[in-house]
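Asks: Sequence:
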Amino acid sequence: MWTARSVVVIIVLQAVSAVAQTPSPALLVLNKDANEMAIVDPSAMKVVGHVPVGEGPHEVATDGKLAFVANYGSHTPGNTISVIDLATWKEIKRVDLSPMQRPHGIVTFTVENTTARWTNPSATRPPELRPPDGKVSNYDPSG
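Residue numbers (numbering that gives the first Met the number 0): 0 to 142.
Source of the hints: derived by calculation from the structure; they are not laboratory data.
Watch out, some of these pointers could steer you wrong.
Stated by the list, open to error - Simulated restraints on C-beta separations: (1) 63 <-> 104: 30 to 38 angstroms; (2) 103 <-> 46: 35 to 43 angstroms; (3) 73 <-> 49: 35 to 43 angstroms; (4) 44 <-> 98: 29 to 37 angstroms; (5) 43 <-> 64: 17 to 25 angstroms; (6) 76 <-> 24: 18 to 26 angstroms; (7) 42 <-> 98: 24 to 32 angstroms; (8) 23 <-> 103: 27 to 35 angstroms.
As the list claims (entries may be wrong) - In silico EDC-like links for lysine to aspartate or glutamate, alpha-carbon gap of 20 angstroms or less: (9) 31 <-> 58; (10) 64 <-> 84; (11) 89 <-> 62; (12) 31 <-> 90; (13) 45 <-> 95; (14) 92 <-> 58; (15) 64 <-> 40; (16) 89 <-> 40; (17) 64 <-> 32; (18) 64 <-> 35; (19) 92 <-> 35; (20) 89 <-> 35; (21) 92 <-> 40; (22) 31 <-> 95; (23) 45 <-> 35; (24) 89 <-> 54; (25) 92 <-> 62; (26) 64 <-> 90.
For every residue, glycine included, the Cβ atom is placed at its ideal position computed from N, Cα and C.
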């Protein structure tokens with residue numbers, strides 16, 4: 000059962016409909032306690048799918064095709080971002096951000112390719128993640 004304590008964030012996802020029958024629009028909802036992202040059909044008010052993610056999912060951002068989940072962790076600090084294919088409802092990559100911990104405040108933007116950025120207390124500028132290779136760039140731990 001979803002509780003106010005376990006639901007972290009809701010984001011409206013426009014224009015995604017695919018093989019897994021993702022509704023359009025859809026809501027992407029994170030559940031910290033279950034370590035999952037739920038896909039909700041807001042018209043029917045029903046959860047239509049679940050995708051396992053890393054421990055303590057905190058925020059989600061999307062470009063309409065992929066969802067990026069910041070796995071903040073719980074008692075143990077998290078250090079991963081789950082990349083979810085919204086057409087198949089599967090985690091296609093879990094990117095290890097070590098030595099960074101507790102990714103937070105994730106957003107996506109598209110110039111040539113989708114890029115995800117998040118905040119990190121040990122970086123002076125936001126690190127970036129570029130799919131499909133999942134390489135992390137622009138990380139400056141020196142401050």
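Asks: Honestly, which of those hints from before does the structure not fit?
Replies: Those not satisfied are hints 1, 2, 3, 4, 6, 7, 13, 17, 21.
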